[in-house]
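Asks: So you can see what is in the structure, the chains are spelled out below.
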Amino acid sequence: MEHDHEAHGEGMSKKLIWKVFFYLLAITCLEFFIALVLVYKGVLEKGPLVNFIYVVLTLIKAYYIVSYFMHLKFERMGFIISVLIVFIFIIYFIILLLTEGSYLNLHLNHFFS
Amino acid sequence: MSTSVSNLDQVKSGPWNGGRSPFAMEYGKIMMWFFLVSDAFTFSAFLIYYGAQRFSQITWPNPDDVFQSIPFVADEGYPLVFVGIMTFILIMSSVTMVLAVEAGHRNSRKEVVGWMIATIIGGLMFLGCQALEWTHLHHEGYWWGSIPEHYEGIDKLGAQQFANLFFTITGFHGFHVTTGVIINIIILCMTLAGVFERRGTYLMIEKVGLYWHFVDLVWVFVFTFFYLV
Chain L
1 MEHDHEAHGE GMSKKLIWKV FFYLLAITCL EFFIALVLVY KGVLEKGPLV
51 NFIYVVLTLI KAYYIVSYFM HLKFERMGFI ISVLIVFIFI IYFIILLLTE
101 GSYLNLHLNH FFS
Chain V
114 MSTSVSNLDQ VKSGPWNGGR SPFAMEYGKI MMWFFLVSDA FTFSAFLIYY
164 GAQRFSQITW PNPDDVFQSI PFVADEGYPL VFVGIMTFIL IMSSVTMVLA
214 VEAGHRNSRK EVVGWMIATI IGGLMFLGCQ ALEWTHLHHE GYWWGSIPEH
264 YEGIDKLGAQ QFANLFFTIT GFHGFHVTTG VIINIIILCM TLAGVFERRG
314 TYLMIEKVGL YWHFVDLVWV FVFTFFYLV
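As they're listed, the protein sequences go chains L and V. So that you can map any letter, position 111 of the first sequence is 111 in the numbering used here, and since no number is skipped, the others follow by simple counting. Numbers given in the numbering used here equal positions in the second sequence, counted from 1, plus 113.
No lab work stands behind these hints, which were simulated from the structure alone. Source: prediction; values computed, not measured. There could be a bad hint or two in this list.
[Unchecked claim] Below, a list of computed lysine-lysine pairs in the DSS-like style, where the Cα atoms sit at most 30 angstroms apart:
no.	chain 1	residue 1	chain 2	residue 2
1	V	K142	L	K14
2	V	K223	L	K15
3	L	K73	L	K19
4	V	K223	V	K320
5	V	K320	L	K73
6	V	K320	L	K19
Start from the sequences and build out the full structure, keeping to the hints where you can.
Replies: Written out as C-alpha cells, the structure reads:
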C-alpha cells in the first residue's frame, strides 16, 4: 500500500484548492449575473438558450467538484471509467423521460383546456 | 525434474491478475465511490422526474416569484439572494473539507480538527438556512399536497407538482446534509481521540470528504433546476 500512495500522488495543494474555489465562485456569480441582470433587464429572454447556458455552467461546476475536490482526476484511468461509464444510463433516462414529458404536454393537456 | 515452477504456479504480479490492487486505492474508498454512484442515481431519478413533470405541465410556477424572500430582512423582492447565500455556504464548507483532507495527508491533527469544525459549522448553517426557507414557503401555503390559494384553474396542477417535488428533493438533499454533519462529528471525535494518529493514516477524512463533496455536487444541480431554470 505504501508505494501505491505515492503512485497517484497527493494531487491537491492548498493553492490549487483555493484556485478551484474561485472558479466555482466565479461560475456561480456568472449564473447570478445572467439571472438577475441579463434576464431581469431583458437582454436575454428566459427560455431554451438561457437554460442551456445554465446547464453547461452547472456541468462545468460539477466537473471541478468531482475531478479536484473529490480527487477523481488523479485516480487511475480504470477507476475513472468504472465510476463514470454508468452515467450513460442517466443520459438515456433523461432523453426518455423528457420525451415522455413533451408527449404528455402535447396530448394529455387537451383534456384540461 | 526442473527447479523452475510451471506457469500455473507462478505468483502473478500484474495489476489486473491479482498481483496488486488495480485501482491503487484502499477498499473503503472504492466502496464509498460506488455508494456515491448509486446515490447519484437516486438523485438523478428525482431530478429527471422533476424535469419530466415540468415538460408535461402547461404552466409552472416562476421560481423568481416563489423564492424572493430573505428571512429577517425582506419578505419579497429579492429573488435568488437567499439561495445564493446558501450555495456560497455549501461551497465554502466543501473547501474547508478538502483543506481537512489536505491536512490529513500531512498527518497534522490540529489542522484536521480545525477544518473539520469549520466544515461542521458550514453544514449546520446550511441546514439552518434550509429550515428558514422551508418555514417561509410553508407559511405561504406550500407543502406536500397543498399550494397557496392564489393559484387558479390549470395553474394548480403545475404548482402542486412543483410543491411536492421541491419538498421531496430538497428534503432528501437536506437529509443527506444532516447525515453528513453527523458523520463529520463522529470523525471529528475520532480525530480528537487520536484514532487516526494511532492508525497512522487520515484516509478516513478523505472518505467522509467524498460524501460531503457529493452533497455539495447534488446542491449544484438542485440549485440550477429549481432556482435558475
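Asks: Hint by hint, say whether it matches the structure.
Replies: Against the structure, the hints:
1. Pair hint K142 (chain V) plus K14 (chain L) holds up; C-alpha atoms about 22 angstroms apart against a cutoff of 30 angstroms.
2. With a C-alpha separation of about 20 angstroms, the suggested pair K223 (chain V) and K15 (chain L) falls inside the 30 angstroms cut-off, and the hint holds.
3. Between K73 (chain L) and K19 (chain L) the alpha-carbon distance is near 16 angstroms, which keeps this suggested pair within the 30 angstroms criterion.
4. A C-alpha spacing of about 19 angstroms is found between K223 (chain V) and K320 (chain V), which places the hinted pair at or below 30 angstroms, so the restraint holds.
5. Distance restraint check for K320 (chain V) and K73 (chain L): the Cα-Cα separation of roughly 16 angstroms lies within the 30 angstroms cut-off, and the hinted pair is therefore satisfied.
6. Between K320 (chain V) and K19 (chain L), the direct Cα distance comes to roughly 22 angstroms. Compliance with the 30 angstroms bound is thereby established for this hinted pair.
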